[in-house]
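All chains, please: the whole structure from these sequences, using the hints.
UniProt numbering numbers the first residue of the sequence shown as 1 and each following residue consecutively.
Please keep in mind that the hints were generated in silico from the structure rather than gathered at the bench.
Positions of the beta carbon are idealized from the N, C-alpha and C atoms, including for glycine.
Careful, some of the hints might be misleading.
Claimed, not checked - Pairwise CB distance ranges (calculated):
| id | residue 1 | residue 2 | range |
| --- | --- | --- | --- |
| 1 | Gly69 | Phe45 | 30 to 40 Å |
| 2 | Arg129 | Ile72 | 16 to 26 Å |
| 3 | Ile52 | Thr126 | 22 to 32 Å |
| 4 | Gly19 | Ala103 | 15 to 25 Å |
| 5 | Lys121 | Leu159 | 44 to 54 Å |
| 6 | Ser41 | Gly69 | 40 to 50 Å |
| 7 | Arg158 | Leu26 | 24 to 34 Å |
| 8 | Arg158 | Met136 | 35 to 45 Å |
| 9 | Leu12 | Ala127 | 41 to 51 Å |
| 10 | Phe45 | Ala144 | 37 to 47 Å |
| 11 | Thr126 | Pro54 | 15 to 25 Å |
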Amino acid sequence: RNQLQFKMISTLVNLSVWGAQFGTQLWVTFVHGPSLFRALSSETFQEVQSIIFPCYFLSQSILSTALLGSYIQLRGSAQQHFSLTRLAQNNLGIMAVLCASTASAWLHQLYLGPLVSQALKRKDKTAFRRLHGLSMALNMGGIAASVVYLVHLARHCRL
Numbered sequence: 001r002n003q004l005q006f007k008m009i010s011t012l013v014n015l016s017v018w019g020a021q022f023g024t025q026l027w028v029t030f031v032h033g034p035s036l037f038r039a040l041s042s043e044t045f046q047e048v049q050s051i052i053f054p055c056y057f058l059s060q061s062i063l064s065t066a067l068l069g070s071y072i073q074l075r076g077s078a079q080q081h082f083s084l085t086r087l088a089q090n091n092l093g094i095m096a097v098l099c100a101s102t103a104s105a106w107l108h109q110l111y112l113g114p115l116v117s118q119a120l121k122r123k124d125k126t127a128f129r130r131l132h133g134l135s136m137a138l139n140m141g142g143i144a145a146s147v148v149y150l151v152h153l154a155r156h157c158r159l
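What follows is the structure in structure tokens.
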């Protein structure tokens, strides 16, 4: 009974973390950013984004780490996951997607995000465009990873 309750709580945590991550990704990428871009002056938009984006990418880093951790917890003990045979049995593909998503979120938070901000402050349009394009690609990769995880959940959901 305790094992069943623990699994239920772990599942709730996993689904809640995924929902928070995916919802935030969709909101910031497809609603917040485009709406502010259309409504604000360029200077004001840049100022708002310089405050919002570090928070957004930090939340993506934390949520993707929590999603990976909760997935590992749900699939068995962490010790079992260090065996490649066990990993293959426990959805190596989804583990790879979650690991890549987590790594790219932290890469963005710790390295790419500050570079984008520096280029913006220097008014280096060429560097900014290149770095911003890479930032957008990483963000879209994170959204794609969330969709892949949603498909994984749908395939394993028992209602």
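Could you work out which of the previously given hints the structure breaks and list their numbers from low to high? 2, 10
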